[in-house]
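Given these sequences and hints, build the entire structure.
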Amino acid sequence: MAETLVLLKHRDVPGIENIDIYEQHGGYAGLKKALAMERDAVINEIKTSGLRGRGGAGFPAWIKWSGIPKDTKKPHYVLCNADEGEPGTFKDRELMLKLPHMVIEGMIIAAYATQSAKGYIYIRGEFVESARSIRRAIDQAYKKGYLGKSICGKEGFDFDLYIHMGAGSYECGEESALMSSLMGERGQPRLKFPHAPLPIHEGVWQSPTLINNVETYAAASQILAHGGAWYATMGTENSKGTKIISVSGHVKKPGNYEVELGYPVLDMIELAGGVTGGKLKAVIPGGSSVPIIPAELCKDFKLDYDAHQVVQYSMRTMRLPVVGSGGFMVFNDKTDIVVLMRRTAEFYTHESCGKCTPCREGTRWIFKILSRITTGGGLPGDIDLLVNICDQIDGRSYCGLGDAAAWPIMGAIKHFRHEFEYWIEHKRSPVGEDCLPPAPEPLNPLLTLTPV
Amino acid sequence: MADVPMVNIKINGIALQAPQGEKVIEAARRINVDIPFFCYHPRLTMENGANCRMCLVEVATPRKNPDGSVVMAKMPKPQTACSLPVSEGMEVWTETEQVIADRRGVLEFLLINHPLDCPICDRGGECPLQNNTIHYGPPTSRFIEEKRHFPKAYPLSEYVVFDRERCIHCARCTRFTQDISGDAQLDFLFRGADMEVGTFAHTRFSSRFSGNVIELCPVGALLSRTYRFKARPWDLMTQKSICTQCSNGCNIKIDHRVSQLQRVNARVNEAVNEEWTCDRGKFGMDYVSSPDRITTPLVKRDGEFQPVTWDEINTLIIDRLQEAGAKVGGIGGTRSSNEDLYVWQKFFRQTLRVNNLDHRMGPHFRPTNSGLYARFGYHSMNNAIADLEKMKTILVFGSNLVDEQPIIYLRVRKAWRAKGAGIVEAVPRSMKTGEEANHVGEFASVRLYYRPGTEVALLHGLLNVMLYENLLSAERLGEIKNLSIVQNAVKSWAPEIAAKECGVEADAIRRAARLLATDQMAILAGETVTQHPYSEDILNALGNLAILTGNPGNINVPVTENNQQGAMDMGILPDVLPGYVGLDQPGLNTKQMLQGAVSGEIEALWISGVDLVNRFYDRDLARRALEACSFVVVTEHTLTETAQLADVVLPTQSVAERDGTFTNVERRVQRFFKAFEISPEIHPEWLIFSQLAMRMGGTAPYFSARDILREIAASVPIYQACTPRDLGDQGVRWHYPAANHTADLVGVEYRAPAAVSA
Ligand SMILES: Cc1cc2nc3c(=O)[nH]c(=O)nc-3n(C[C@H](O)[C@H](O)[C@H](O)COP(=O)(O)O)c2cc1C
Ligand code: SF4
Ligand code: SF4
Ligand code: SF4
Ligand code: FES
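In order, the protein sequences belong to chains A and B. Quick note on my numbering: the first sequence kicks off at 4 and runs consecutively. Quick note on my numbering: the second sequence kicks off at 6 and runs consecutively.
Quick caveat, the hints were computed from the structure, so don't treat them as lab data. Honestly, I wouldn't trust all of these hints.
[What the hints assert, rightly or not] Quick list of in silico lysine-lysine cross-link-like pairs, BS3-like style, CA-CA up to 30 Å:
hint, chain 1, residue 1, chain 2, residue 2
1, B, 152, A, 371
2, B, 152, A, 76
3, A, 417, A, 255
Now the structure itself:
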């Protein structure tokens, strides 16, 4: 099966990041159509399209859009989550870099639908080039009257768009932490419904706030341009439209691929040129937070929001997502799953914001145990301990990062328990030495204190 | 609470009603269901809380099916009871297998990096982490990796030391500095398991309320530098007491051991300090156990103090007082209990037959029942401290509030932060200290830093805006007599003119006037007003402002000393008896007594618990008077500079050593109780006076402070409700019988500050 290019259709057109070229390829048509419609009709179009959030959770976009209060007693805000920190995911980066106007157009449409006068794009701190591209695009959009006062001559519709750069925290991609960070507070999540009002009622500065992922907004612009019904013809019953999948790892042609939702996992690997360096061992299909799928099960999985893996533990059965943010990582049979999990655990330990007990303490504990195992110090009982720690984190933490730290470990132990056992028993890797991470580069001698 | 709708919920199958929005943990507590917690605190906001995860419970809520039937839907994840508001039909379970496992899990996580050095931890024995672990924790740990290490003691300030290893990151301390004290000096640094509490760039934790975090911390991470390693909690005895460091009268607990004060903790009194103290109080009570305490009566012979017995000293005092006859004066008393003061004035008035009594340190000595009382029927602070929360606007006028009234400062901040009151700060420029940790200016809606001496001009400017921009209720203005007096006085004070005179911005005057023009406005006037040469003018102008805005009962000129209010109430004033009963033939005031001592008209002076030389506004006069006076008695804890100049120094008991009552700034009469005794040779003042009076043929002796309080309640009408039994733990506020809230306007002319210095 081939790609279905909706968002990435004009990705390779030279100069598409410039407004004129973008307009020549149908850019801002969606916005113009939207402005000719009633606000509710715009939201209706999104509803018809069946668009679900592309940030990871797959929450139906129209519910958020239509939840923003109809009055404007308080100012409304539109936020774009461009913090893309999920390991394995790099679709937002490319969208912003190559198709900044598509993202901006989507946000303007959202602003129109929700009567917002201000919007913020919260861009991951490391994405300097993407941010530059967005900056240029915003300036061009102002010049053309797509931003600012009375947009496209529509009296009373004013919208200003600002960029906010993150400071290097994965957690700030979590929507409530993003809002804290945007308001200048510590990048920690805030209370969620039912403990506190929903962001659509009280988000940033206690005002109604719409927050969506970059890809969600980009899709909205295409939905308005071509119609919700058209968009809904793609994908599956519950997962309509297309999704950009960032393929990386042991494949010939890593990169972003746009496919219809419901695309089979194995076909995805083929689309990216097939496995290199060995046979397929496993796939992490939706970013590091999503549990790993071993090669023999890959044929059973399709990339859509219904797909899930069942992981069972002492007290509960969990249905864990497959698509997530679309970070599709392929591993060949030289991969040591325990070392891979150690690296994953290191990431979550490093990125835990520290607010809540289970994630703050548990992630580091997991990392320490996995480090011990992969340096030959594993003990019998470590596997059950790991499972139990994950069980104590999952669902007990303040925000989704804790869950996301536990799921991959739970999944890996479910499918690759024997590799953990091998490490513990033999104190070495089941797949040979070359799987181990390379030793860190020696320090630049000029930077050391010892004279050369 | 009355208008909050009630919802029906079930906790562990027990049906109950709870006000909508109440947190599950609070509802559970009302039916004695224990939900363990660390980070939850009813006075701290939850926005940055709900992080310890100790209070997880299982919850189900009713959900309507499309066909209209209702099913109970269990929430897939356990919920934090400390932040979850109750809702109609909610069901909560706190003791399921799952919840028990979750609590174990959280405690295991909290303990993996905890040093477990309970045996040398100040908190050991009263530690929520220990207690919760005993009740809910796992018996052992499965953690065999290396724990996190930090140097044990990191000093945050002079008072607080921080043991980072013990911190469980509950954010109580950080939230305190953000929500309550407002300095926001504590916050988290770094993230994840490296996260630690700290101050910005390792600056000093200079909050005026830093000590509270020691009590808030649920583990032994934040520790008192004065108490660290001094005692184990189970060796301490606790007594209810009242802080003596200012007039606010915070309720405290004195923890003592081997007749020594070990530490001071706050005691809850919603009307006064809620559950806070300021650092001055928490760390300033150590004088009680100072090694410098005098423990026997001292008499000066050949320039040296020598110890003598009470019998000897009493004989000497009686001889000398009899010699002096009516040429006797008494000064001080703001640190004494109401009982001491009552017996003191009784001794002076009935036995010695003089009215030369005064507690005031100057510079002004106006007739007690003039001024504010003559006009409005009250003397100092009319509002209750808690009333400030109900105000829409609070005017802080000429007061360095956090210094003068620390706990009132917290209440003003609460009024602003929790209740949305607007704060107008009008203070002389010298008080413009925006960088200080705790300062009204930080949250005031309008700040007016005026040129000292231009207070009246500023108030005229404010009234000018209110009157000429029609901000005041026409109905009220119609009822006010003599409106023209004020209209004329302020007519020429358009905001631009007032602004120029005062050195503030005209726009700020306009904005302030808009905020102040409400009938829920309270005025807090401070020491720069009471000590001002034209303080009467300022108070008159403030009175006009209060009348015109409809707030005649909301003028507050709070006293500042420990029991200054009690000294006034008990008649330590030359012109009134206890209860402000006027005297036809007033005695001498402090200044007159001291002048009299210099000129020989006063031969004996009794100084009670005040370091006069350093406190009287004219140090030189005080010194000369004490040197000239032939017989000076000082009752004191230590040999202060004033005591050094005395002929006789009598040791007196501190607040920790006796029973008694103080009357705080809002006229709340509050009891304190004896905690320990330092020496049987140290007497309470009332006993000293009572024995002297008896030997001089006066009244029958008293046997306890309770006796005296009963007599006060029986003989001083305003203290009628203040019997020992009625006071209870939280005290009773006395009220003016007929506060006159329909006072008239008076004309005030502005006198320029140049004239002041002349
Ligand atoms: C730890 C964590 C990190 C997240 N990071 C991102 C992110 O980088 N980008 C993103 O779009 N959503 C991220 N999310 C999801 C957001 O919280 C939120 O669901 C999303 O912004 C909603 O947008 P959508 O409805 O368009 O998906 C993260 C969630 C969690 C729990
Ligand atoms: S799970 Fe807890 S510690 Fe982890 S990122 Fe979320 S709030 Fe922070
Ligand atoms: S804080 Fe509590 S648990 Fe920790 S060492 Fe002190 S007493 Fe023990
Ligand atoms: S120092 Fe104490 S109060 Fe502050 S976060 Fe740590 S445990 Fe909580
Ligand atoms: S007490 Fe509820 S999470 Fe800490």
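Status of each hint after checking the structure:
1. Under the criterion of a C-alpha separation no larger than 30 Å, the hint pairing residue 152 of chain B with residue 371 of chain A is consistent with the structure, at around 11 Å.
2. Between the alpha carbons of residue 152 of chain B and residue 76 of chain A the distance comes to roughly 52 Å, so the proposed pair goes past 30 Å and is violated.
3. Taken as a hint, the residue 417 of chain A and residue 255 of chain A pair is honoured in the structure, with Cα atoms around 28 Å apart against an allowance of 30 Å.
The structure fails to meet hint 2 from the earlier list, while all remaining hints are met.
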